[in-house]
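Assemble the whole structure, with the sequences as input and the hints as a guide.
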Amino acid sequence: MTSIIGVGAPARPAEAAAAAETLGPGGPTEATHGAGPADARRDGRPTEARRADGLAKARRADGPAEARAADGPAEAARGGGPVLRLLAAARPAGGRLALAALCGALALGSGVGLMATSAWLISRAAQHPPVLVLMVAIVAVRAFGIGRGVFRYAERLIGHDATFRILADLRARVYERLERLVPAGLPDARGGDLLGRLVADVDAVQDLYLRVLLPAAAAVLVGGASVGLAWSLLPSAGVLLLAGLLLAGVVAPWLSATASRRAEHRTADLRGELTAHVVDVLQGAPELVAYGAAADRLATAARLDDGLTRASARSSATAGAGAAVTALAGGLAVWGALVVGIPAVRSGRLDGTLLAVITLLPLAAFEVVAGLPLAAQQLQRVRRSAARVFAVLDREEPVRDPAVPVALPEPPYTLRVSDVRARWTPGGPYALDGVSLDLPPGRRCAVVGPSGSGKTTLTAVLLRFLAYESGLVTLNGVDLSEFAGDDVRRVVGLCGQDAHLFDTTIGENIRLARRSATDEEIRDVLRRARLLDWVETLPRGLDTRVGEEGAQVSGGQRQRIALARALLADFPVLLLDEPAEHLDVATADELTADLLAATEGRTTLLVTHRLAGLDAVDEIVVLDAGRVVQRGGHADLLARPGPYRAMWAHERRHDDAPC
Amino acid sequence: MRPFDPRLLRYARTTRAYLALSVILGAATAGLVIAQATLLAGLIGDAFLGGASLAASRTPLLLLLAVVAGRALVAWLQEVAAHRTSAAVKSRLRGLLLERAVALGPRWLSGERSGELATLATRGIDALDAYFSRYLPQLVLAVLVPAAVGARILFGDWPSALTVALTLPLIPIFAILVGLAAQRRMDRQWRTLSLLSGHFLDVVAGLPTLKVFGRAKAQARAIREVTGRYRTETMASLRVAFLSALVLEMLSTISVALVAVSIGLRLVDGEVGLRTALLVLVLAPEAYLPLRQVGAQYHASVEGLTAAQRIFEVIETPLPRHGARTDVPDPAATPLRLEEVTVAYEGRDEPALDGFSLVVRPGETVALTGPSGSGKSTLLAVLLGFVRPDAGRVLLGGTDLADLDPDAWRSRVAWVPQRPYLFAGTVADNIRLGRPGATDDEVRRAARDAFAEEFVDALPEGFGTPLGERGTGLSAGQRQRIALARAFLRDAPILLLDEPTSGLDAESEAAVIEAVRRLAAGRTVVLVAHRPALADLADRVVRVEGALEAVA
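Those sequence lines, one after another, are chains A and B. Heads up: the first sequence begins at 1 in our numbering, then just goes up one per residue. Heads up: the second sequence begins at 660 in our numbering, then just goes up one per residue.
Calculated from the structure, these hints are not laboratory results. Cβ coordinates follow ideal geometry from the N, Cα and C atoms, glycine included. Mixed in with the good hints, there may be bad ones.
[Stated by the list, open to error] In silico contact screen, one side only, chain A against chain B (beta carbon under 7 Å); selected entries:
{"hint": "1", "residue": "LEU186"}
{"hint": "2", "residue": "ALA276"}
{"hint": "3", "residue": "GLY292"}
{"hint": "4", "residue": "SER312"}
{"hint": "5", "residue": "TRP335"}
{"hint": "6", "residue": "VAL340"}
{"hint": "7", "residue": "ARG346"}
{"hint": "8", "residue": "SER347"}
[What the hints assert, rightly or not] If we take Cβ atoms under 10 Å as the criterion, some of the chain A residues that face chain B in the derived model are:
{"hint": "9", "residue": "VAL141"}
{"hint": "10", "residue": "GLY149"}
{"hint": "11", "residue": "ARG171"}
{"hint": "12", "residue": "ALA172"}
{"hint": "13", "residue": "LEU195"}
{"hint": "14", "residue": "GLU287"}
{"hint": "15", "residue": "LEU288"}
{"hint": "16", "residue": "ALA295"}
{"hint": "17", "residue": "SER316"}
{"hint": "18", "residue": "ILE342"}
{"hint": "19", "residue": "PRO409"}
{"hint": "20", "residue": "TYR413"}
{"hint": "21", "residue": "PHE502"}
{"hint": "22", "residue": "ALA562"}
The structure is reproduced here in structure tokens:
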């Protein structure tokens, strides 16, 4: 196994199967397939998001992703709707899927066959023939009786197997694509919502194969065969059966869908308002209670809830239409068969023993359309998920590797940035607008400036996450864009504000930087990151798990683990991007000092908006709106008036006082 | 899991009427099924052996048409009733849930719980739709239809009835036996599967980090491998899990096949008539169908009942005791005294607050400082009555806070939390939170005092601008100033502030500090302060030392 991020990830509570869909548009239709996740539990398949991060998050993730899915010009350019593209993804398991569909059809067909053969058997038996005449039918009836269960079993096993194969492939392909996009191609993915949603969507699209494709294929095959059988016995009976099946399989689901969409549309505002109130009451409870406003809010929520209940009740009459039409279609098909069959028997066009067959055939055949309404709902959901997935995957790659990359030069390394301009979106504003910087071996440089001044963009360019548009970045004199990105990142490393801790042990998280590192080496970098003392107080030491997204360690500890990891990787050039962000001031300053001490002698670029501790670096570059507005040493910059001195004065004013 | 939770009847009375209606409709369904089979058998028999014409079959054909219409009507009524019932039950349970959650208080609701309950109260509770519309009626049918159909078959042909009677009970028995065994396996498998999904998410979320360390490309293979390995393992257990469905399908179809073959053979011998044989053939599958469908709807029941049970759990959580005295001493004349207050949170070794004592004199401003995690916020929660001390007490003059009615006490307190929550509603609504009756002028004055008037006026609709999730986004500093305006308008003698300047830029910070300075005048103030500039406002700085964080 090549992954350090082993399989031992801790259980993510499956409670929130609903969270992914939380409060999206969609009431009753969506609600009826609340079945999805639980069904999965039964079937043992992963579906849906199981990130229970609460509503607000799900909702936030919803908005932008949905919006993009809607306008997705890239998608149109590639041709084919999202569902078709998903179908293309099934090709590796196509044979298995076809086999599963065949088994599904045979299972349904056995049910129809059982009824048709039994009907003939009994009719023929009524003529008191020698038993031998019935032998074939008796064997067939028994075979159909057994076949149904066996084929169903085979269908489910083969179908699940195929789906898992497709999913493995799909996940890997999504990952490979993301690998090229992240992080600069997905600037909106920083909070993690987009990616969480994407992962959930990838898991959700597998429903297309298992819950849409297979039932639909079986329904078409068996429905067609039943109609064919009826038609061959009595053409008019075949036509009636076809009409009935279409009514139940196409018109009824369409009616249900329309009714629920209408109802949904009517209640959407009410639902939204109620949801906002529910969230407010629960998440704003402290303020409501403290200000004595809880009773008031509860009353408002109750009033909205009543309104929604009344509105739902009003739409209930149409909600039942689909079920009524299905029942009616089935009954009418049987009735119609009798109406055309009875005269046909009298006139001799239909053998008397076959009257029961054409009459009872519809009774069994209608089972094939029973699963279609659910499949139609699943299709809607899959389409939404797939559109979101492709909207992300179709984005422009922020950096392209050269066809023939230049080999890495020998150390020591010198990075030189001259007059570079770069931006995150084509046509957008320049985040870096003519910046120059020299990083000869051993140089320690700090980049400061207000947020949005281009500091993080600079690190992205140096890491080859983001291409620059003009100017030049060179590594030992060679244009950075002539190297493979992975090679550049062998030389230039990052310890950033959003360093991800994987859900495994402290030791494994650090070992990510070098697989072969011994425990002793890991202890050594932890010591340099000033975290060893703490780790050694832990009962399980290096084997302590950090929890999901590092939830079990504090912000400061998390940054120090990330620093230890960066130190272990031993990058010749190390970028530290706001490593002390999200920490309180005292902790932040302590960490910054430790960082600078731990990286002594290494080529370092520290990006920060706090100035404390910067007397330890060789050069400070002050950025504003993508341009260098000042540069020099700490003392030097303080000596003359300018933005640096103003920032420093401001920082001191707020820090000066005992705390 | 039991198929029905009697608490549904207790908490949502609508359920009773619905159950009763479902039984009536179920009985009607059983009757219509039997009538349809009888009419079909008669019509086919007469036409086939008796050579009856269409004209001769007119009456039974019309009756059959009526039965078909009747079944459609029943299906429609069932859906309509289910729709109305689930809407009413959901509304009722949601109301009970919200009421209880608020009564249980902010401390109980803190952390992930408020998010989880919000999901439960909105989307989670929708699982009841399927429970009411598909599972419950099917459950009723599963009891009524097999019994009625079985009786009708017995009446016509007892050997067939015997076959049905012998095999029918096997379905629920097998379903339970196989289901239980499979369930255990599946639960285990489900856990590993969610791990698998978690693994994928973890890797995707950490992609930038993996890229930095040159390990991103290798992970694609790992994902394929891990998913592939889980496929193998999962398929092994699915082979067993799907056996339950296999057994159930087999039982029901083989029984029908047995009935058909045996009655066919007895028909040859002339032991039964064609009509009876056809009747039995049409009815036999109907006896098994509802039971099979109940099984198929099993997940709908689990989803719905799980949601309902989680709600019941909340509704049945006992409320904490609290005092009832409403004669709150005047805080402007009475000192606030904390005596050896200790608070320990469940699941933590060290108490959040350990024997803390403090006296705050009327009109005094006390700043609390100390490392994060030392219990400063807990202290404010104790003063707000959100948390009861596990030991020690809080006295207002001679009155123990625990003896006071919490709402009466809180009406003397204004509180500005670290990250104020803005509610759906206008800016003015949000400021009015603590005094719904305040006039527009009073709201405006409070906003002015909190340095909020200027930016509020600059909003598209001024004080009428909607806020909250779907409203205009405000910066942290602006949110903070709205919260301060709330406190100004509340005009309470005691003011509790929790790091009102954390995470603010310099300009906002200066404005907030100035607003706090104004607000503190003439009030008793306890404020948690990280930043020295804020602590400067205080008459006295008290350092809180709780359980210390080890590093950072």
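How the hints compare with the structure:
With 7 Å as the threshold, the beta carbon of LEU186(A) stays out of range of chain B, its nearest partner Cβ sitting at about 9 Å, so the hint is violated. Taking 7 Å as the C-beta contact cut-off toward chain B, the hint placing ALA276(A) at the interface holds, the least distance being around 4 Å. Among the interface hints, the one on GLY292(A) holds; its C-beta lies about 6 Å from the nearest C-beta in chain B, closer than the 7 Å criterion. Hint on SER312(A) holds. Least Cβ distance to chain B is approximately 4 Å, under the 7 Å limit.
Here the hint on TRP335(A) is kept, as its CB sits about 6 Å from the closest CB of chain B, short of 7 Å. A hinted interface residue such as VAL340(A) counts as satisfied when its beta carbon comes closer than 7 Å to some beta carbon of chain B; here the least separation is about 9 Å, so the hint is violated. Because the beta carbon of ARG346(A) sits about 6 Å from the nearest beta carbon in chain B, less than 7 Å, this interface hint is met. Below 7 Å, beta-carbon pairs count as interface contacts, and SER347(A) has none with chain B, the closest being about 10 Å; its hint is therefore violated.
Satisfaction of the interface hint for VAL141(A) is found here, the shortest Cβ-Cβ separation to chain B being roughly 5 Å, below the 10 Å cut-off. Restraint check, GLY149(A) versus chain B: the minimum CB separation of about 4 Å is within 10 Å; hint holds. Interface hint at ARG171(A): satisfied, since its Cβ lies 5 Å from the closest Cβ of chain B, which is below the 10 Å cut-off. For ALA172(A), the shortest C-beta to C-beta distance to chain B is roughly 4 Å, which falls under 10 Å, so the interface hint holds.
A distance limit of 10 Å between C-beta atoms decides the matter here; for LEU195(A) the minimum to chain B is near 5 Å, and the interface restraint holds. This hint holds: GLU287(A) has a C-beta 5 Å from the nearest C-beta of chain B, less than the 10 Å allowed. Here the hint on LEU288(A) is kept, as its CB sits about 7 Å from the closest CB of chain B, short of 10 Å. Taking 10 Å as the C-beta cut-off, the interface hint given for ALA295(A) holds, the closest approach to chain B being about 8 Å.
Because the closest C-beta pair between SER316(A) and chain B is about 4 Å apart, less than 10 Å, the hint holds. Nearest Cβ of chain B to the Cβ of ILE342(A): about 4 Å, under the 10 Å cut. The hint holds. The beta carbon of PRO409(A) comes no nearer than 17 Å to any beta carbon in chain B, farther than 10 Å, and the hint placing it at the interface is violated. The restraint placing TYR413(A) at the interface with chain B is violated, with a minimum CB-CB distance near 16 Å, outside the 10 Å limit.
Annotation: PHE502(A) was flagged as interfacial toward chain B, and the flag holds, the nearest CB pair being 5 Å apart, inside 10 Å. Hint on ALA562(A) holds. Least Cβ distance to chain B is approximately 8 Å, under the 10 Å limit.
When held up to the earlier numbered hints, the structure conflicts with 1, 6, 8, 19 and 20 and fits the remainder.
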